[in-house]
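S.K.: One-letter residues, chain by chain:
Protein chains: 2
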Amino acid sequence: MEAMENYRLFLSLLLLALSLGFVSVVFVLRWVLHFREGLGWDGGAAEFNWHPLLIIIGFIFLQGIAIVVYRLPWTWKCSKLMMKFIHAGLNVLAFILAAISLVAVFDFHNTQNIPNMYSLHSWVGLTAVILYSLQIVLGIAIYLLPVSPVPLRAAFMPLHVYSGLFIFTSVIAAALMGITEKLIFGLKDPKYKDSPPEATFVNVLGLLISVFGGLILWIATRPSWKRPNEQLLRSQLNSEPTPSGISANTAMPERTDAETDSGKMSKM
Amino acid sequence: MEAMENYRLFLSLLLLALSLGFVSVVFVLRWVLHFREGLGWDGGAAEFNWHPLLIIIGFIFLQGIAIVVYRLPWTWKCSKLMMKFIHAGLNVLAFILAAISLVAVFDFHNTQNIPNMYSLHSWVGLTAVILYSLQIVLGIAIYLLPVSPVPLRAAFMPLHVYSGLFIFTSVIAAALMGITEKLIFGLKDPKYKDSPPEATFVNVLGLLISVFGGLILWIATRPSWKRPNEQLLRSQLNSEPTPSGISANTAMPERTDAETDSGKMSKM
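If you read the protein sequences in the order shown, they are chains V and X. The UniProt record's numbering puts the first residue of the first sequence at 1, with every later residue one more than the last. The UniProt record's numbering puts the first residue of the second sequence at 1, with every later residue one more than the last.
It is worth saying that the hints were derived from the structure and are not from the lab. Please note that the accuracy of each hint is not assured.
When chains are identical, the list treats them as one kind, so a pair holds in a single copy or across two.
As a list, the in silico DMTMM-like pairs of lysine to aspartate or glutamate whose alpha-carbon atoms are at most 20 Å apart [stated by the list, open to error]:
id: 1; residue 1: Lys226; residue 2: Glu181
id: 2; residue 1: Lys191; residue 2: Glu2
id: 3; residue 1: Lys77; residue 2: Glu230
id: 4; residue 1: Lys193; residue 2: Glu2
id: 5; residue 1: Lys193; residue 2: Asp107
id: 6; residue 1: Lys84; residue 2: Asp194
id: 7; residue 1: Lys191; residue 2: Asp42
id: 8; residue 1: Lys84; residue 2: Glu198
id: 9; residue 1: Lys182; residue 2: Asp42
id: 10; residue 1: Lys84; residue 2: Asp189
id: 11; residue 1: Lys84; residue 2: Glu230
id: 12; residue 1: Lys226; residue 2: Glu47
id: 13; residue 1: Lys226; residue 2: Asp42
id: 14; residue 1: Lys84; residue 2: Glu2
id: 15; residue 1: Lys182; residue 2: Asp194
id: 16; residue 1: Lys193; residue 2: Glu230
id: 17; residue 1: Lys84; residue 2: Glu47
id: 18; residue 1: Lys193; residue 2: Glu181
id: 19; residue 1: Lys193; residue 2: Glu5
id: 20; residue 1: Lys226; residue 2: Glu2
id: 21; residue 1: Lys182; residue 2: Glu2
id: 22; residue 1: Lys188; residue 2: Glu37
id: 23; residue 1: Lys84; residue 2: Asp107
id: 24; residue 1: Lys77; residue 2: Asp107
id: 25; residue 1: Lys226; residue 2: Asp189
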């Protein structure tokens, strides 16, 4: 009964987070298509606009989903290895979109003779991208390649979890600074301080991604919403009636689930 | 042996965090005194300057210390009630400084005929202040007044911990936006994009408070660095030789430590 309520709360918050993420993508699309110059690849404003669009789709929405993907109870019947591939795949996709969005803004700056990397936004943002690439490379090397020793997997897990959430948070902070910059530079008459419709609309976008981030962090850090460890899962699957259409042995034996246990111990 | 290493790591990271917090305060002082117009209460720029100064001293540095104050091992001999008063006191002090800093910026805006509350910075910042006041009022009502029932204390703890860390993070995000705004509006010739010394100096300040925040979050979310629960503490104090100068009964019996156990279970 309590487990059911807990499950319902999880589902409600997950749905709310996904909706906020989706609405954020709609908002940034409306921002660049309706209020701004649309999309293009001409070194002008339309090329710059890929920057906020791809950051919100990839670096915020997809990264947020990648973070909570182990928490979805209907995936607990899938093998841990498959979930790792989905987690890694979503993060790699998010990284590719972030990289393209950087190309867009550097290309725009160079064409318009605007200096690169002068702002706190660019410092925090580029640091986040570099840390993200490191996080992905180390994550794949330690948790997907079959060469790394079990103690290393377990010892590194708290840092992997923490730095994932720290990078995600830093990206949102960088996005809020980016929104601030763009509204100050982009709005001339009326200015940002005169609160034209675009200013209010994009401020709301900033709040949407902040609440989305807050929900993802809440979901990711509830101990009772974690994927149960593999042994427990396998014993449940063997003792209970197999759910229709899902074979019990889809929960394939894993090389190790040391990382799961460690993650539970030291969840950020 | 491992415990000793763990303790050394804790001390090193705590010292690093405190140093970064202290250096951030020095940086913001140098910003307003050397690069800007100094401090005053005249409705002009010198009054505005209280805003970044008091936010960094109170809302970031003091709040950060308040968050990790239960983690200091040399306080585990003090009563939980006394630590609660220190935690609450530091947060109330931080709130007062944040409130004065808001008066400074509203007064500055009104004198200079600049609109209030138009920017994403102001939206996120004021939301953080309002949530912080709510957090303090609820925290005192639930954990300091002797009227609230034990199950409520335990049930509310995960939310208290999470929202504390969420507000702290939001304040840092708001500060980064505030720095961005001030460098764009304040630097005219040379501009922010020309990277004058002030721009680089204050960007570094932004990085300092971000790393400070990251360290506080890391320290606060390590399960092994939590204050042990009261029963365990009392049994240790009774069985071990009393450390010089500290009476065993300074660990006064608490009304309840349900909140400690709950906090341990659902640490963000």
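S.K.: All the hints need checking, so say for each whether the structure fits it.
M.R.: We went through each hint and held it up to the structure:
{"no.": "1", "hint": "Lys226 / Glu181", "in the structure": "neither (38 Å within a copy, 40 Å between copies)"}
{"no.": "2", "hint": "Lys191 / Glu2", "in the structure": "neither (52 Å within a copy, 59 Å between copies)"}
{"no.": "3", "hint": "Lys77 / Glu230", "in the structure": "within (10 Å within a copy, 40 Å between copies)"}
{"no.": "4", "hint": "Lys193 / Glu2", "in the structure": "neither (49 Å within a copy, 56 Å between copies)"}
{"no.": "5", "hint": "Lys193 / Asp107", "in the structure": "between (29 Å within a copy, 16 Å between copies)"}
{"no.": "6", "hint": "Lys84 / Asp194", "in the structure": "neither (48 Å within a copy, 45 Å between copies)"}
{"no.": "7", "hint": "Lys191 / Asp42", "in the structure": "neither (26 Å within a copy, 26 Å between copies)"}
{"no.": "8", "hint": "Lys84 / Glu198", "in the structure": "neither (40 Å within a copy, 45 Å between copies)"}
{"no.": "9", "hint": "Lys182 / Asp42", "in the structure": "within (19 Å within a copy, 31 Å between copies)"}
{"no.": "10", "hint": "Lys84 / Asp189", "in the structure": "neither (50 Å within a copy, 52 Å between copies)"}
{"no.": "11", "hint": "Lys84 / Glu230", "in the structure": "within (13 Å within a copy, 40 Å between copies)"}
{"no.": "12", "hint": "Lys226 / Glu47", "in the structure": "neither (41 Å within a copy, 49 Å between copies)"}
{"no.": "13", "hint": "Lys226 / Asp42", "in the structure": "neither (46 Å within a copy, 55 Å between copies)"}
{"no.": "14", "hint": "Lys84 / Glu2", "in the structure": "neither (29 Å within a copy, 31 Å between copies)"}
{"no.": "15", "hint": "Lys182 / Asp194", "in the structure": "both (15 Å within a copy, 17 Å between copies)"}
{"no.": "16", "hint": "Lys193 / Glu230", "in the structure": "neither (55 Å within a copy, 53 Å between copies)"}
{"no.": "17", "hint": "Lys84 / Glu47", "in the structure": "neither (34 Å within a copy, 53 Å between copies)"}
{"no.": "18", "hint": "Lys193 / Glu181", "in the structure": "both (13 Å within a copy, 11 Å between copies)"}
{"no.": "19", "hint": "Lys193 / Glu5", "in the structure": "neither (45 Å within a copy, 53 Å between copies)"}
{"no.": "20", "hint": "Lys226 / Glu2", "in the structure": "within (16 Å within a copy, 28 Å between copies)"}
{"no.": "21", "hint": "Lys182 / Glu2", "in the structure": "neither (47 Å within a copy, 50 Å between copies)"}
{"no.": "22", "hint": "Lys188 / Glu37", "in the structure": "within (15 Å within a copy, 27 Å between copies)"}
{"no.": "23", "hint": "Lys84 / Asp107", "in the structure": "neither (34 Å within a copy, 53 Å between copies)"}
{"no.": "24", "hint": "Lys77 / Asp107", "in the structure": "neither (45 Å within a copy, 59 Å between copies)"}
{"no.": "25", "hint": "Lys226 / Asp189", "in the structure": "neither (50 Å within a copy, 53 Å between copies)"}
Of the hints listed earlier, those the structure fails to meet are numbers 1, 2, 4, 6, 7, 8, 10, 12, 13, 14, 16, 17, 19, 21, 23, 24 and 25, in rising order.
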